[in-house]
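Asker: Given only the sequences and the hints, what does the whole structure look like? Please build it.
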Amino acid sequence: MRGTDILQELQGLNSSRFKFIKWWRKENDFCDFQLLEDFKKNVEGSQEFAGYELLTTEEMWDELKTQAGDHVSLGKTHGREVIRWDRPEKPSQVCPFTADSIMTIFDVETRGNVIDH
Numbered sequence: 005m006r007g008t009d010i011l012q013e014l015q016g017l018n019s020s021r022f023k024f025i026k027w028w029r030k031e032n033d034f035c036d037f038q039l040l041e042d043f044k045k046n047v048e049g050s051q052e053f054a055g056y057e058l059l060t061t062e063e064m065w066d067e068l069k070t071q072a073g074d075h076v077s078l079g080k081t082h083g084r085e086v087i088r089w090d091r092p093e094k095p096s097q098v099c100p101f102t103a104d105s106i107m108t109i110f111d112v113e114t115r116g117n118v119i120d121h
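Just add 4 to wherever you are in the sequence shown, counting from 1, and you've got the working numbering.
No lab work stands behind these hints, which were simulated from the structure alone. Each hint should be verified, as a subset may be incorrect.
Cβ pair distances, simulated, as ranges [claimed, not checked]: (1) Gly79 <-> Val112: 13 to 21 Å; (2) Leu40 <-> Arg91: 23 to 31 Å; (3) Glu41 <-> Gly73: 26 to 34 Å; (4) Phe34 <-> Asp90: 38 to 46 Å; (5) Gly79 <-> Gln15: 16 to 24 Å; (6) Arg6 <-> Ser96: 38 to 46 Å.
Below, simulated EDC-like cross-link-like pairs (lysine to aspartate or glutamate); rule was C-alpha separation at most 16 Å, straight line [as the list claims (entries may be wrong)]: (7) Lys26 <-> Glu62; (8) Lys94 <-> Asp104; (9) Lys69 <-> Glu113; (10) Lys26 <-> Glu63; (11) Lys44 <-> Glu63; (12) Lys26 <-> Asp66; (13) Lys30 <-> Glu57; (14) Lys26 <-> Asp74; (15) Lys69 <-> Glu41; (16) Lys30 <-> Glu52; (17) Lys26 <-> Glu13; (18) Lys45 <-> Asp74; (19) Lys44 <-> Asp9; (20) Lys94 <-> Glu113; (21) Lys26 <-> Asp111; (22) Lys26 <-> Glu41; (23) Lys94 <-> Asp74.
Every residue, glycine too, gets a C-beta built ideally from N, C-alpha and C.
Answerer: In structure tokens form, the structure reads like this:
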């Protein structure tokens, strides 16, 4: 499957509840997670993929919890959901519970290198 194939499939489906895409290569040596909008903007039409899966914010939160473990937790501040991020040897951070925050934390925690189990 190519990037153009994925983009065509995405056009034909109501993807408004999905904020993320998980994709993997034919070699199956790793998978990548991206914001869906970033993927749509940056994918090359000829790029080869073995497959993909669309994820909701809650599903991506579960992926983040799997990768980051006890470094992240959900909380509330001023009535809003937030992510508490405890990083070794760095100050703790409180981030809004948004797709952008989840992706930023995920990329830092995994160093952009995810091997799917």
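Asker: Which hints, by number, does the structure contradict?
Answerer: 4, 5, 8, 11, 14, 15, 18
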